[in-house]
Amino acid sequence: MIRPKYELYSLYSHGVSGGWGALSCSCYCILFYKFRSLRMLPIDPTKKISFSRIVCDGDLVIVYERHDNMKAVKVCQDSVLQNRFGVFKHSDWIGKPFGSKVFSNKGGFIYLLAPTPELWTLVLSHRTQILYIADISFVVMYLEIVPGCLVLESGTGSGSLTTSLARAVAPTGHVYTFDFHEQRAASAREDFEKTEVCNLVTVGVRDIQGEGFPEEFSGLADSVFLDLPQPWLAIPSAAKMLKPDGALCSFSPCIEQVQRTCDTLISKFTVLIRSLMGLVHVSSASLLDIRTFEVLLRTYEVQEVRMNCSQGDGGNLGSLIRKRRRHSGKGNNVQDNLSSPTVMARPCSEAKGHTGYLTFARLKCLS
Amino acid sequence: MSQNKSQAGTIQNPRVTWEGCSVLLDINDGDRLVFARLSAAATLKIGNKNFSLQPLIGCPFGSSFQIENGDKGPFLSRFVASMEGNNAQEKEDFESQEISKDNRALVDNNKAQSLTGEDIDAMRRQGATGDEIVDALIANSATFEKKTLFSQEKYRLKKQKKYAPKVLLRRPVARSICEAYFKKYPARIGFLRVDTLSLLLSMANVSANSDVLVVDMVGGLLTGAVAERLGGTGYVCGTYLGVTPYPMDIVRIFNFSDEVCNRIVRSALTELSLTQTVTLEQIHQQENELNMECLSNPQMSSSVSMEEISPSEKEITVPVPENAISLVNKMGKSTKAGNKASQQAIELWKENGFSSLIIAAPELDIWSLLQDILPLLSNSAPFAIYHQYLQVALFDSSLMPSCILMMPLATCMHNLQLGKMAIGLQISEPWLREYQVLPSRTHPCMQMNAFGGYILSGTKICSS
Numbered sequence: 001m002i003r004p005k006y007e008l009y010s011l012y013s014h015g016v017s018g019g020w021g022a023l024s025c026s027c028y029c030i031l032f033y034k035f036r037s038l039r040m041l042p043i044d045p046t047k048k049i050s051f052s053r054i055v056c057d058g059d060l061v062i063v064y065e066r067h068d069n070m071k072a073v074k075v076c077q078d079s080v081l082q083n084r085f086g087v088f089k090h091s092d093w094i095g096k097p098f099g100s101k102v103f104s105n106k107g108g109f110i111y112l113l114a115p116t117p118e119l120w121t122l123v124l125s126h127r128t129q130i131l132y133i134a135d136i137s138f139v140v141m142y143l144e145i146v147p148g149c150l151v152l153e154s155g156t157g158s159g160s161l162t163t164s165l166a167r168a169v170a171p172t173g174h175v176y177t178f179d180f181h182e183q184r185a186a187s188a189r190e191d192f193e194k195t196e197v198c199n200l201v202t203v204g205v206r207d208i209q210g211e212g213f214p215e216e217f218s219g220l221a222d223s224v225f226l227d228l229p230q231p232w233l234a235i236p237s238a239a240k241m242l243k244p245d246g247a248l249c250s251f252s253p254c255i256e257q258v259q260r261t262c263d264t265l266i267s268k269f270t271v272l273i274r275s276l277m278g279l280v281h282v283s284s285a286s287l288l289d290i291r292t293f294e295v296l297l298r299t300y301e302v303q304e305v306r307m308n309c310s311q312g313d314g315g316n317l318g319s320l321i322r323k324r325r326r327h328s329g330k331g332n333n334v335q336d337n338l339s340s341p342t343v344m345a346r347p348c349s350e351a352k353g354h355t356g357y358l359t360f361a362r363l364k365c366l367s
Numbered sequence: 001m002s003q004n005k006s007q008a009g010t011i012q013n014p015r016v017t018w019e020g021c022s023v024l025l026d027i028n029d030g031d032r033l034v035f036a037r038l039s040a041a042a043t044l045k046i047g048n049k050n051f052s053l054q055p056l057i058g059c060p061f062g063s064s065f066q067i068e069n070g071d072k073g074p075f076l077s078r079f080v081a082s083m084e085g086n087n088a089q090e091k092e093d094f095e096s097q098e099i100s101k102d103n104r105a106l107v108d109n110n111k112a113q114s115l116t117g118e119d120i121d122a123m124r125r126q127g128a129t130g131d132e133i134v135d136a137l138i139a140n141s142a143t144f145e146k147k148t149l150f151s152q153e154k155y156r157l158k159k160q161k162k163y164a165p166k167v168l169l170r171r172p173v174a175r176s177i178c179e180a181y182f183k184k185y186p187a188r189i190g191f192l193r194v195d196t197l198s199l200l201l202s203m204a205n206v207s208a209n210s211d212v213l214v215v216d217m218v219g220g221l222l223t224g225a226v227a228e229r230l231g232g233t234g235y236v237c238g239t240y241l242g243v244t245p246y247p248m249d250i251v252r253i254f255n256f257s258d259e260v261c262n263r264i265v266r267s268a269l270t271e272l273s274l275t276q277t278v279t280l281e282q283i284h285q286q287e288n289e290l291n292m293e294c295l296s297n298p299q300m301s302s303s304v305s306m307e308e309i310s311p312s313e314k315e316i317t318v319p320v321p322e323n324a325i326s327l328v329n330k331m332g333k334s335t336k337a338g339n340k341a342s343q344q345a346i347e348l349w350k351e352n353g354f355s356s357l358i359i360a361a362p363e364l365d366i367w368s369l370l371q372d373i374l375p376l377l378s379n380s381a382p383f384a385i386y387h388q389y390l391q392v393a394l395f396d397s398s399l400m401p402s403c404i405l406m407m408p409l410a411t412c413m414h415n416l417q418l419g420k421m422a423i424g425l426q427i428s429e430p431w432l433r434e435y436q437v438l439p440s441r442t443h444p445c446m447q448m449n450a451f452g453g454y455i456l457s458g459t460k461i462c463s464s
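As they're listed, the protein sequences go chains A and B. The letter at position 158 of the first sequence is residue 158 when you use my numbering, and the numbering goes up by one with no holes. The letter at position 246 of the second sequence is residue 246 when you use my numbering, and the numbering goes up by one with no holes.
It is worth saying that the hints were derived from the structure and are not from the lab. Bear in mind the structure is a predicted one, so any value in this text is a computation, not a measurement. A couple of the hints might just be wrong.
As a list, the in silico BS3-like pairs of lysine-lysine whose alpha-carbon atoms are at most 27 Å apart [claimed, not checked]:
1. Lys71/A / Lys420/B
2. Lys96/A / Lys74/A
3. Lys240/A / Lys71/A
4. Lys166/B / Lys96/A
5. Lys49/B / Lys146/B
6. Lys159/B / Lys240/A
7. Lys146/B / Lys45/B
8. Lys146/B / Lys101/A
9. Lys420/B / Lys89/A
10. Lys96/A / Lys45/B
11. Lys111/B / Lys101/B
12. Lys154/B / Lys49/B
13. Lys159/B / Lys146/B
14. Lys420/B / Lys74/A
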C-alpha cells in the first residue's frame with residue numbers, strides 16, 4: 001500500500017461543498033493538505049482523521065449545546081442555527097477547527113464537534129427503537145468484526161448499529177443491511193449519505209424473515225446480525241450465509257423471543273450446547289458457542305462539595321480535611337485554601353434498566 | 001457453501017492454521033484454555049500424556065479434535081460430529097420424563113459403579129475409544145437408570161470430559177484473548193473485561209486510517225485490540241513515561257500480518273510531547289540504549305511458547321518483555337511489532353495530533369498523565385480512560401489523619417470541566433450478565449462477574 005509521507009495541498013476542494021474535490025495525490029509531495037471536507041470514516045489513507053480538521057461548507061457537524069442536547073447540522077454558507085442561546089451563523093463556523101467554541105449574536109455559545117458513530121447514535125432521528133453504545137460496542141467485539149469483513153444485517157431500523165458496523169469494516173469491507181419497510185430503508189440510505197458511509201453500506205428492501213438473505217451471499221458472510229421480531233425464522237438462512245467459524249448475533253428485547261431463538265439454534269441444527277449446569281446434548285452441530293448476554297452502562301455523576309471550615313468539630317469529612325491541613329501546615333509551605341473543594345462521584349439514579357438480550361452463536365466447521 | 005471464495009481476502013484474519021501461528025486451545029468446553037504456538041515439536045498435555053499438536057497444523061479455526069488410538073499410541077485427531085439421534089424425540093422425552101423421575105431414592109455412597117480403574121486401563125490397552133469407555137461406565141452404573149434425563153446427560157458429560165476429552169481450536173482475536181485472560185489471569189490485564197474493552201474501542205472511535213495513542217499497561221491486550229481494528233492502516237502508538245516501554249507480550253498472540261505489525265509503534269511521552277524538544281543527540285542515545293537491550297534479550301522465534309491458562313498450580317513463566325517483539329508469519333520471516341515510531345511520524349503527530357486516546361494504566365496517576373497527554377490530541381478527538389478503582393486511598397504518615405480518599409476519575413472529570421479541556425464527559429461502569437437459555441431452564445447464570453472497572457470518556461475541545 002502506498003503510504004504518502006506528506007499530503008498534497010489542494011486549492012480545489014476549498015469551497016467545494018461535500019465531496020472530495022479534484023484531489024490527486026498519487027505521488028509523494030512535500031506540501032500539507034489542510035482544507036478538505038471532513039469525513040466521518042476516512043477511507044483514503046491520505047485523509048486521516050488526525051490531520052488538522054477545519055469546518056468546511058457542506059460538512060456534517062455535531063452541534064453540542066449540552067451533554068444531553070446535541071444535534072447534527074449540515075454546514076451551509078448562508079444558513080443559521082437558532083436555539084435558546086441565540087442565532088449562530090454557519091459562515092462564522094467555516095474555517096474554524098472542529099472542537100471550537102462558537103458564539104451567537106447574544107453571546108451564547110455552543111461547540112462544534114466532528115461526527116463519530118457514537119455521536120451519530122445520540123443525534124440521529126429515531127424512526128425505530130435504536131441500539132446504544134453498550135450493545136453496539138459489545139456486538140462489534142463479539143462478532144469479531146475487523147476491516148475487510150462482510151457483514152449482513154437485518155433490520156436496518158434507524159441505522160444506529162449500521163453506522164458502527166461500517167466503521168468496523170472500513171475501508172475494504174462491506175455491510176449489506178436489509179429492512180422490509182421501504183420508507184425506512186430510504187431514510188436510512190439518506191442518513192448514510194449524510195454521514196458519508198454510503199460506500200461501505202448497501203441498503204436493500206427485503207423481508208428477511210419471509211425470504212431469508214439473498215443466495216448470492218451464501219458462505220461469504222463473516223458475521224450476521226439480526227434485530228427482528230421473529231429471528232428464529234431467519235436463523236436457517238443466516239447459518240447458510242456464514243463462513244465456517246463465522247459468528248451470528250440476534251438481539252431481542254423479550255425473553256420469549258430469546259428462548260425461541262435458542263431453541264431453533266439448538267433443535268433445528270442439532271447443536272452442541274454449552275450449558276453451565278453441566279447438561280450437554282451432543283448431536284450433529286452446525287452452530288455452537290451459543291451464549292446470551294445482557295449489557296448495560298451505569299453512569300456516575302460528579303459533584304464538587306465545598307467543605308465549610310467554620311463548622312464545628314465532628315466526625316464529618318469537613319473536620320477530617322481541616323485536621324489534615326492543620327498538621328501539614330506545620331513547618332511546610334503548603335498552600336492553605338480555606339474551603340478546599342472535594343469531588344465526589346455517585347451513580348446516577350436514572351439508568352437504563354434493559355435494552356435487549358444479545359444471543360451469539362458460531363457456525364461450526366463441517367469439513 | 002463456497003469454500004474457495006471464503007479463503008480469498010482474508011490476509012488479515014486467516015481462517016486456517018499454519019506452522020508457527022498462535023492458537024487458543026479450548027479443552028472440554030472452556031474448562032481449560034491454553035495458548036500455544038503450532039509447530040512439529042509443540043505438545044499439549046491432557047491427563048498425564050503429552051499429545052503432539054502437529055495434526056492441528058493446516059486445519060480451519062473452529063475445528064474440534066478428540067483422542068484416538070493409533071499405531072504409535074494415542075494422538076489428537078480431527079473429528080466432525082455426525083448426525084446422532086432424533087432431536088425432536090429427545091425433546092419430548094425431556095418433557096415427559098421430568099414428571100416421573102426424581103432423586104429421592106438416590107444415595108451418594110460411591111458404590112454405584114462396578115467398573116474399576118484397572119478394568120478401564122485394560123479397556124484402553126485393548127484400544128477402546130473414549131466413547132466406548134463412557135458407554136461401558138454407563139452400562140455398569142447401578143443408579144444410572146433411576147436418574148432423570150437431565151441427570152443422565154450430566155453424568156455422561158462428566159465421564160466424557162474425563163475419558164473422551166475434546167479440544168476446540170479457537171482463533172486468537174481480541175475477544176477470545178481477553179476472555180481467556182480475564183477468566184484465569186485477570187490481574188495481568190488489569191481486570192479489563194471484554195465488554196469494557198469493547199467500550200474503550202468504540203468510545204475512542206478506533207477505526208481504519210486513524211492514529212490512536214494508547215497508554216497500555218495491560219500487557220499489550222489494548223494495543224492488540226486497537227491494531228486489530230486498524231486493520232493495517234493508520235497507527236497505534238503506545239506511549240510510556242520514562243524510558244522503558246511497557247510490556248506488550250499479548251500482541252504476539254494475535255497472529256498479526258506484517259502490515260499490521262508495522263502499524264504498532266512505541267514512543268516515549270517525552271518524545272511526543274510538544275513542549276519538549278528532544279535533540280537529535282538524545283534520540284540517538286535512547287535508540288542505542290534500546291538496541292543494547294534488544295541484543296541482550298533472547299529473540300523469541302518460532303519455538304514453542306505455551307502460556308497455560310488453567311486451574312493448575314503449575315508455575316507459569318512470564319515471557320521476558322522485549323523492545324521489539326518478533327513474530328513469525330506464514331513465510332517464516334520475522335516481523336516486529338512495537339518498533340520505535342519514526343521521526344517523520346512523530347513530526348506529523350506533533351503537527352496534527354492523534355485522532356484519539358485510550359488509557360488503561362491501573363498504576364498511574366491519571367490526572368497528571370492527562371495533563372501531559374491531552375495536548376497531543378487533535379481537535380475534537382475522543383478519549384477513553386479505563387480505571388479499576390473508583391476510590392483511591394492515599395497514605396501519608398506526615399499527615400493526620402494519615403489517609404486521604406481520592407477519586408481518580410471523578411477528579412479528572414472535574415478538572416477537565418474546570419479547565420474547559422473537554423466536553424461530553426461521562427464516567428461509566430459497564431455491566432455484563434450472561435444467561436443460560438434452555439427449555440424449562442432459562443435463567444441468568446449462577447456465576448456472574450460483578451466488576452468491569454470504570455471508564456471516563458469525553459471529547460477534547462480547542463483550548464481558547
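So, going through the hints one by one against the coordinates:
1. Between Lys71/A and Lys420/B the alpha-carbon distance is near 21 Å, which keeps this suggested pair within the 27 Å criterion.
2. With a CA separation close to 15 Å, the supplied pair Lys96/A and Lys74/A stays within the 27 Å bound.
3. Among the hinted pairs, Lys240/A with Lys71/A is inconsistent with the structure: their alpha-carbon atoms are about 40 Å apart, more than 27 Å.
4. Only pairs whose Cα atoms come within 27 Å are accepted, and Lys166/B paired with Lys96/A is rejected, the gap being roughly 61 Å.
5. A C-alpha spacing of about 35 Å is found between Lys49/B and Lys146/B, which places the hinted pair above 27 Å, so the restraint is violated.
6. Distance hint between Lys159/B and Lys240/A is unfulfilled; the C-alpha atoms sit about 34 Å from each other, more than 27 Å.
7. For the proposed pair Lys146/B and Lys45/B, the alpha carbon gap of about 36 Å is over 27 Å, so the pair is violated.
8. Distance hint between Lys146/B and Lys101/A is unfulfilled; the C-alpha atoms sit about 75 Å from each other, more than 27 Å.
9. Using a Cα cut-off of 27 Å, the hinted pair Lys420/B and Lys89/A holds, with the two alpha carbons roughly 23 Å apart.
10. Under the criterion of a C-alpha separation no larger than 27 Å, the hint pairing Lys96/A with Lys45/B is inconsistent with the structure, at around 63 Å.
11. Simply put, Lys111/B and Lys101/B have alpha-carbon atoms about 21 Å apart, close enough for the 27 Å limit, and the pair holds.
12. A hinted pair counts as satisfied when its Cα atoms are at most 27 Å apart, and Lys154/B with Lys49/B qualifies at roughly 26 Å.
13. For the given pair, Lys159/B sits about 18 Å from Lys146/B by alpha-carbon distance, which is consistent with the 27 Å threshold.
14. Between Lys420/B and Lys74/A the alpha-carbon distance is near 26 Å, which keeps this suggested pair within the 27 Å criterion.
When held up to the earlier numbered hints, the structure conflicts with 3, 4, 5, 6, 7, 8 and 10 and fits the remainder.
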